[in-house]
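2 protein chains.
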Amino acid sequence: MKQSKMLIPTLREMPSDAQVISHALLVRAGYVRQVSAGIYAYLPLANRVLEKFKNIMREEFEAIGAVELLAPALLTADLWKESGRYETYGADLYKLKNRDASDFILGPTHEETMTALVRNEITSYKKLPLNIYQIQPKYRDEKRPRYGLLRGREFIMKDGYSFHANYDSLDETYQDYKHAYEKIFTRAGLDFKGIIGDGGAMGGKDSQEFMAITPDRTDLSQWLILDKSIADISEIPDFVIKDIKQELSNWLIAGEDTIAYSDGSDYAANLEMASTEFVKPTAYTEQLELTKVATPDVKTIEEVSAFLDVPTEQTIKTLVYNADGEIVVVLLRGDDELNEVKLTNHLGADFVEPATEDETIKVFGATFGSLGPVGLPENVKIIADRVVETIVNVTVGANEDGFHYQNANLERDFKVAEFVDLRTAKEGELAPDGGGHLKFARGIEIGHIFKLGTRYSESMGANVLDENGKAKPIIMGSYGIGVSRMLSAILEQFVRINVEKTFKGDYKFSWSMNFPKDLAPYDVHVIPVNVKDETAVALSAEIVETLTKSGLQVLEDDRAERVGVKFADSDLIGLPVRVTVGKKAADRIVEVKIRATGDTLEVNVDDLAETLAILNQ
Amino acid sequence: MKQSKMLIPTLREMPSDAQVISHALLVRAGYVRQVSAGIYAYLPLANRVLEKFKNIMREEFEAIGAVELLAPALLTADLWKESGRYETYGADLYKLKNRDASDFILGPTHEETMTALVRNEITSYKKLPLNIYQIQPKYRDEKRPRYGLLRGREFIMKDGYSFHANYDSLDETYQDYKHAYEKIFTRAGLDFKGIIGDGGAMGGKDSQEFMAITPDRTDLSQWLILDKSIADISEIPDFVIKDIKQELSNWLIAGEDTIAYSDGSDYAANLEMASTEFVKPTAYTEQLELTKVATPDVKTIEEVSAFLDVPTEQTIKTLVYNADGEIVVVLLRGDDELNEVKLTNHLGADFVEPATEDETIKVFGATFGSLGPVGLPENVKIIADRVVETIVNVTVGANEDGFHYQNANLERDFKVAEFVDLRTAKEGELAPDGGGHLKFARGIEIGHIFKLGTRYSESMGANVLDENGKAKPIIMGSYGIGVSRMLSAILEQFVRINVEKTFKGDYKFSWSMNFPKDLAPYDVHVIPVNVKDETAVALSAEIVETLTKSGLQVLEDDRAERVGVKFADSDLIGLPVRVTVGKKAADRIVEVKIRATGDTLEVNVDDLAETLAILNQ
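Protein chains in written order, with this note's numbering: chain Y, 12 to 628; chain P, 12 to 628.
In short, the hints are calculated from the structure, not lab data.
Here the structure is a predicted model, which means the values were calculated and not measured.
There could be a bad hint or two in this list.
Note that identical chains are pooled: a pair holds if it fits in a single copy or bridges any two copies.
As the list claims (entries may be wrong) - With a straight-line cut-off of 30 Å between C-alpha atoms, the simulated DSS-like cross-links for lysine-lysine are:
hint, residue 1, residue 2
1, K543, K138
2, K189, K560
3, K106, K92
4, K13, K291
5, K450, K373
6, K560, K450
7, K137, K543
8, K154, K437
9, K63, K194
10, K65, K594
11, K437, K483
12, K138, K16
13, K450, K595
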């Protein structure tokens, strides 16, 4: 395709309202434009990336027997009233009336539509399992749309739904999807983790989230593409490195969640769910005598630890929570932090929050800062993190303002109802499978698979007759991929900073894209330097024809622009290979630049297709 | 793909609410389901047809340098207020408010969005022409959605827009689109006509509509596929033929418009615009004396003709119209009908309707039935169809109730201000290019190309600087294809009636689809007759693998259904080739049925791929 025919409105500067680098570059490189808050037009380059990604999905879903269909986006409210979500979904749901004043919504998701479709068409277990999906714009009237494609009001989703007569069948399809997702994201070139999901909001049982990992910014070498003018990163002066780091830090780290993953195994979880390896110590330590000591004006664990000269690991932190109206005392080792999600999940409570000072005084007779488990009334529920069971001779609050106990010991001095994993995992700790150490990263959710069970089939009466002719609710799974946000998720991993040395000896750096090859909008960017040079133009045309015949997709910059403008645009657009047709055109010699490495080589046009085929392997 | 994994909910009967056969079969064959009035889900088979059609479009548009993008469907009302259409578009426009109470619409078309996009990004004539398109659901809150996909509230469109610095460039792109549309519809296997469009509603200049021709029902042979049990159509008893004709006539003829097209040239037009060849006669006829004759109780042309024994061709019909408040007298030859669209277009009037009796008496002093052009006041505007100029010695009303003139002659007895083409063309007349005779057919609009000019760029201030640095409004074209309605348009041409003779000697007929090969959801339907027969199942699997490898898309009916059910479903689904794996499986012999002809042949599986390749040519 000739670039003059494309709509690629590149900008000289970063857009002033972008907060994350992926979005800033999508706008600057002419891939997307905002039409209204949180609503975007995908310009030709972005549309090509999306279509390529859709085709990758289609191939992998066909392989697991999922079939594509297309439901409407404009939905009558009836089914949502049936499922109950018309009222409960909240202000994010776009509601409208048609000319007959009937209620409609713009679909944010299609559980109801698909459940109704299957309810109407399938009556026997013999027609199950069924595994359907669609790729379609979805609508959520976000209160604060932000980060470009990452949180928009109209966005493209792949949403799949499976229908089963029994849970074994659901499990099988769920695993098929898990593997298909892994293949899809791998083919998209992504660094991603499948993590244990919190499926609560969808009423699901098992669920898994797929998170694209936002790259680490400490290792600058991953971010830089050095021009041939620079031999090695070590050559770049410190003040330039500092400027580059400053530029990087100007951009928010994208991703809603912190992921804890193992550097030596498959383990990965949202930090809120992350656990660590727990081994009970086998060594025996003598229990010393419980001693009450004055700790005037000492409140925090750190102050206690310093005042009494005991390590924080030898102290217990006593927290008080109100869980659905009941007071719960929670013990943690002094250097640990409570993970409230774990506490909430463990208690199975709807509502968990720190107790007020009044509630606390009622139970302990003391205020925050001197609380401890010793001598509490028996009817107070005390639960502790697993680690608490492993420490002896600990320092705890004495439930008397200004006093602590030293050498308190479990069972002898206080009792605990349950030991469970309640602490927030820390970076560097052993993963729960013992297979490596935990690393933390921010992640962008790109996919989510759920075992929905009968949440929708029961409320909507979607039954099939089983082997015995008995009506049973259909068992369902649902499977989503955020298609438009993939663009941002990919670019968070594939933007780079080009560094070059000018002929005056200065170092210049500039942002650039570096698309993974299966998703780049075109494979090769052919740039005739001077479109008034007939030899170069003819050679360029020949190259386009040859490469196209060899199966490559080629964008040819046929514009009458200065070469500096062309190169700058080419860096922004970020195709894997740039072929420059310059002064040596008469000798049929062109320059090939491999974007990912910055390497360049001169190639005779007669060898070009073959050279690119080899490089592409 | 295994059929057991597909969602193809075929029905035993035609849906009771369908009026056109294409829609009835789309529902019955499990291609689509209505979700709410005028809003459909495209089930897996329909989705595949749509995707294939989209890809045909993409290839042809790429060839003319049009680039695909994707704008949102949920649009702020702002731009529509700018263009004025927010108020003028009427009740078909879906309007809604977001959570901040801002006005939004669901896009029925995207002139405003695209004009604004280009206005914001392109400032110089050097970046033009630009030619962009998208494929997307559109929304129109139709008062009476009907005929299934032909008139829906959510439907898929391909809408393209071109932007130019001058009209020559627009003309060129308009021609490119015209040819691309012809290629696309030809590849889709359609019988279609490009007709002169009435672009008035879009504010356009030139426009052309593409109409899929609804097939003639008089020639039954085009509709029937005879089973091998029937040698020839002549063998079918008359009472069966009568039943088939009755079944055909149960279905409305689809298509909003009547098309007049030449059987010997490219000429085609909406009947409202259709013209005929007009040649002034060169023969001279002596003018006879004007004679007033009594014609008591004689009103219509037919009555006058019979009463005075003159051919209707020798009479003049005098009509009176009110055009924007002015009285206009219209003369036609007695056997012609006025085409009001031609009259309206000729007068350039907003509002044209027959004059009332009171208005008529005021001008003529007589009532309907005795009107004529002789002796009218000079200030009355008289226009006549071209044919009126060619007849002499005509009979006209005498403007006196109960009297006519005979032998009235132009100039001598009455004057005409203008002669223009005002008559309604008739089937069998010569086309205006003289290249053939007119035939009439009903048509479904599948595409429309417009020269928009500056309708949107002027109202929205979309300018570019020209060669002299002067701001000029961008010149635009717009180009639509109705993608979802294509499904119905194609099927109106490709449904068939299968006729077979039972072994009792009865004749049975049933509806069937017969998809053109480039759009069929799969190429081949492989049907193992008995899925408990291991040999047949294994052979079927081998066939699927072999044909898939040879590049064919295969649907395998792996369901444990009776063979009658499988064959009936196969006829409804309508793939081009059916391969039945039956009793001769052990000998590797299968039956191949070519749907379009009803021909069957037995083929050894080892020769199958090659045989199908030959048949496919």
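Hints versus structure:
1. Taking the closest pair of Cα atoms, K543 and K138 come within 30 Å of each other only across two copies (17 Å); inside a single copy the shortest separation is 65 Å, beyond that limit.
2. Proximity of K189 and K560 under a CA criterion of 30 Å is satisfied inter-copy only: 27 Å between copies versus 37 Å inside one chain copy.
3. Proximity of K106 and K92 under a CA criterion of 30 Å is satisfied in both settings, with 12 Å inside one chain copy and 22 Å between copies.
4. Proximity of K13 and K291 under a CA criterion of 30 Å is satisfied in neither setting, with 67 Å inside one chain copy and 53 Å between copies.
5. For the homomeric pair K450 and K373, neither the shortest alpha-carbon distance inside one copy (41 Å) nor that between copies (96 Å) is at most 30 Å.
6. For the homomeric pair K560 and K450, neither the shortest alpha-carbon distance inside one copy (46 Å) nor that between copies (45 Å) is at most 30 Å.
7. In this assembly of identical chains, K137 and K543 lie within 30 Å of each other by CA distance solely across copies; the values are 16 Å between and 69 Å within a copy.
8. Proximity of K154 to K437 under the C-alpha cut-off of 30 Å is found in neither arrangement, the shortest distances being 33 Å within a copy and 62 Å between copies.
9. Taking CA atoms no more than 30 Å apart as the test, K63 paired with K194 passes in both settings, with 15 Å inside one copy and 25 Å between copies.
10. Proximity of K65 to K594 under the C-alpha cut-off of 30 Å is found in neither arrangement, the shortest distances being 40 Å within a copy and 42 Å between copies.
11. Taking CA atoms no more than 30 Å apart as the test, K437 paired with K483 passes in neither setting, with 45 Å inside one copy and 64 Å between copies.
12. Taking the shortest alpha-carbon separations for K138 and K16, only the inter-copy value of 8 Å comes in at or below 30 Å, while the best intra-copy value is 49 Å.
13. Proximity of K450 and K595 under a CA criterion of 30 Å is satisfied in neither setting, with 50 Å inside one chain copy and 63 Å between copies.
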